[in-house]
Amino acid sequence: MAMKTSASAGVARSKERVAAAPLRRRFRRRWWARLMFLLPAILYLIIFYGYPLYYSFMVSFEHYTLQEEVTGVAAFTGLANYVTVFQDPGFRLAAVHTLVFTICSIIPQFIIGLALALFFHRRFPLSQLLRSLMLVPWLLPIVVSATVWRWLFDQTNGIIDQVLAGLHILPAHFGWLTTPGWAFAAVIVTNIWIGIPFNMVILYSGLQGIAEEFYEAAAIDGAGKWQAFLYVTLPLLEPVIGILLMLGLIYTLKVFDLIYVMTGGGPANDTQIFATWSYNLSFSQQLFGQGAAVGNIILLIALAFALVYLWWARRTT
Amino acid sequence: MKIHALRRGPVLTIVVGIVVTAILLFPLYWMLVNSLETTQEMFSIPAPLVPTTITFAPYVTVLQSQLPHLLTSLIVAFGTVILSLVIATPSAYALAHFRFRITLVVVFCLLLTQMIPTVTLATPMFLIFNKLGLLNSYLGLILADTTYAVPFNILILRAFLQSVPYELAEAAFVDGTGEWGAFIRVMLPVVTPGLITAGLFSFLFGWGDFLYALTIMTNSSIQPVSVSIYNFIGQFGAQWNELMAVAVLASIPAAILLIVFQGYITAGLTSGAVKG
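First to last, the protein sequences are chains H and Z.
Using our numbering, read the first sequence as starting at 1 and increasing by one per residue.
Using our numbering, read the second sequence as starting at 1 and increasing by one per residue.
Hints in this document: simulated from the structure, not taken from any laboratory.
Bear in mind that the values here come from a model prediction, so they are computed numbers and not experimental data.
No residue lacks a Cβ here, since even glycine has one placed at the ideal position from N, Cα and C.
Certain hints may be false.
Distance windows between CB atoms, simulated [what the hints assert, rightly or not]: (1) H:Gly78 with Z:Asn130: 18 to 28 Å; (2) Z:Ile14 with H:Phe229: 17 to 27 Å; (3) Z:Pro51 with H:Leu310: 31 to 41 Å; (4) H:Glu213 with Z:Ser137: 54 to 64 Å; (5) Z:Val105 with H:Ala223: 45 to 55 Å; (6) H:Ala219 with Z:Pro51: 25 to 35 Å; (7) H:Glu213 with Z:Leu104: 47 to 57 Å; (8) H:Ala268 with Z:Gly234: 40 to 50 Å; (9) H:Pro125 with Z:Pro51: 29 to 39 Å; (10) Z:Gln40 with H:Thr71: 36 to 46 Å.
Calculated cross-link-like contacts (lysine to any residue; reagent style SDA-like; alpha-carbon spacing at most 20 Å) [what the hints assert, rightly or not]: (11) H:Lys254 with H:Leu236; (12) Z:Lys131 with H:Leu93; (13) Z:Lys131 with H:Tyr51; (14) Z:Lys131 with Z:Thr218; (15) Z:Lys131 with H:Val73; (16) Z:Lys131 with H:Tyr55; (17) H:Lys254 with Z:Ala169; (18) H:Lys254 with Z:Met115; (19) Z:Lys131 with H:Ile46; (20) Z:Lys131 with H:Leu53; (21) Z:Lys131 with H:Thr71; (22) H:Lys254 with Z:Cys109; (23) Z:Lys131 with H:Asp270.
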């Protein structure tokens, strides 16, 4: 009996094996066919991100200028580029500017964006039209916005100069973009303006995700508007706020066009941040090794923030 | 009393809403108004909030010199749309419905690419393209511009494709259609909104790019409008009305896309939250 079962089982198994061979082949063929779908992404990531990043990494350890680019032979110099860059007075300047630029951009962007999101969340006639109109600054090429703001801040006849001089707040023909300190403020104001729509849209959709019941429950408990905001809206928005601040940080670290067009990093490096500094090293001075080194430093900062965010996101969920 | 409050409430809200929007959009109004003014009026003090006379002269002057650059931008933007969609769509499908051991790794890498500053890629890209002879070519610029769009498109299309059940493709297998046939004839038509959203943003990325165009176009043979605006400031420092006219022309695509595809843009902004 036992023998018979095992024998019949054996027969069944061998039959299965016979049937399984073409089936497995078919599965494998299918697996390959499916892999072909994914292949473009894998190749793309390797060619357009992996290889350039590897290249940037290698170049940052070489004495690499225009001459080496022409001859094709570059000497390995270890950390020399990084040491040069760290010792350059421009490093401290760019570090401080990047930090101030980032903080002064994302906090006002967020606060104004939140205020607008709360305002439009009330929904009134025209609210949808106004909301989509507000998206325009975010959709325009940054070069366009930078050019327009350069005109607004213009020394000879910019509207900002006219208004502030008219109110006797600042002297007439004040050189916003040519005065140290003020140029930086002008660039920050412009960047805030560009970032507001994005913050508003994300926070608005976050607000819409909060169920009305929470507010009803809070109202029953006697919470006022302000308390409802503090104890219902803000805590429930926390994940959205987290991702928004993270994206804001990374976006601000990437800013290049804006400063390049408005001030070119001037006056006297007053608006130089890491991104514009890296670009100048590579493409104005042809010091590709040092430019790559600064580029890699920006990347490291961005990844560090991403890690902090991931740690925060995991902790809160 | 109550009815009165109800009536006054929304009116006040609408007024505040309009005022706030007007303040935020003032720079764009100023751009438009100044592009339609004579230099004389533009430089009068105080500058009139509403122009007394309207002239199209700045546009006439500017169109002659800027038309080639606008066309270049169009070619580059459409090239970016096509190339990035061709690369991104099959991969998005694979990531949405097929399980490979590396699926999660690829998704993680795609998210990671969103954190890489463009300026970090600019130096190696320039050196590599120089060796490959891709500098000063449309292909080179379009290839570089796809780095804005491909990861974004894959992530956003993946989200769209995940909401379509795979059974739909399996149903097509019964008719003898292959994996690719089912993908193209069954799955893609269902996610047309996703393709529009992805294409839209790819266009804006390609149109708005400044950094790569500045880097890759070392001579001025091919120059998109983003770079030509920048050069315009240097060349004709004081011709602000003409400069504003160029700025308006460079804004037109974004304005058209916003008017025609408003819903898609909001969807792309929020569902992706992976802005480049």
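These are the hints, each one checked on the structure:
1. Taken as a hint, the range 18 to 28 Å holds for the pair H:Gly78 and Z:Asn130, whose Cβ atoms sit roughly 25 Å apart.
2. About 22 Å separates the C-beta atoms of Z:Ile14 and H:Phe229, a value consistent with the hinted range of 17 to 27 Å.
3. The hinted window of 31 to 41 Å between Z:Pro51 and H:Leu310 is violated, with their beta carbons roughly 52 Å apart.
4. Checked against the hint of 54 to 64 Å, the C-beta distance between H:Glu213 and Z:Ser137 comes to roughly 59 Å, which is consistent with it.
5. In this structure the supplied range 45 to 55 Å holds for Z:Val105 paired with H:Ala223, their Cβ-Cβ distance being about 46 Å.
6. In this structure, H:Ala219 and Z:Pro51 break the distance hint of 25 to 35 Å, their C-beta atoms being roughly 51 Å apart.
7. The supplied range of 47 to 57 Å is broken by H:Glu213 and Z:Leu104, whose beta-carbon atoms lie about 35 Å from each other.
8. Taking the beta carbon of each, H:Ala268 and Z:Gly234 are about 19 Å apart, not inside 40 to 50 Å as hinted.
9. In this structure, H:Pro125 and Z:Pro51 meet the distance hint of 29 to 39 Å, their C-beta atoms being roughly 30 Å apart.
10. Restraint check, Z:Gln40 to H:Thr71: a C-beta distance of roughly 56 Å breaks the suggested window 36 to 46 Å.
11. Our distance criterion of 20 Å between C-alpha atoms is broken by H:Lys254 and H:Leu236, whose separation comes to about 29 Å.
12. Restraint check for Z:Lys131 and H:Leu93: the C-alpha separation of about 34 Å exceeds 20 Å, so the hint is violated.
13. Note on Z:Lys131 and H:Tyr51: the hinted pairing holds, with a Cα-Cα distance of about 14 Å set against a maximum of 20 Å.
14. Taking the CA atoms of Z:Lys131 and Z:Thr218, the gap is near 14 Å; set against the 20 Å cutoff, the hint holds.
15. Note on Z:Lys131 and H:Val73: the hinted pairing holds, with a Cα-Cα distance of about 13 Å set against a maximum of 20 Å.
16. For the given pair, Z:Lys131 sits about 13 Å from H:Tyr55 by alpha-carbon distance, which is consistent with the 20 Å threshold.
17. Using a Cα cut-off of 20 Å, the hinted pair H:Lys254 and Z:Ala169 is violated, with the two alpha carbons roughly 40 Å apart.
18. Only pairs whose Cα atoms come within 20 Å are accepted, and H:Lys254 paired with Z:Met115 is accepted, the gap being roughly 9 Å.
19. For the proposed pair Z:Lys131 and H:Ile46, the alpha carbon gap of about 18 Å is at most 20 Å, so the pair holds.
20. Taking the CA atoms of Z:Lys131 and H:Leu53, the gap is near 16 Å; set against the 20 Å cutoff, the hint holds.
21. Taking the CA atoms of Z:Lys131 and H:Thr71, the gap is near 11 Å; set against the 20 Å cutoff, the hint holds.
22. With a C-alpha separation of about 18 Å, the suggested pairing of H:Lys254 with Z:Cys109 holds against the 20 Å cut-off.
23. Proposed proximity of Z:Lys131 and H:Asp270 is contradicted: the alpha carbons are some 35 Å apart, above 20 Å.
Hint violations for this structure: numbers 3, 6, 7, 8, 10, 11, 12, 17, 23, all remaining hints satisfied.
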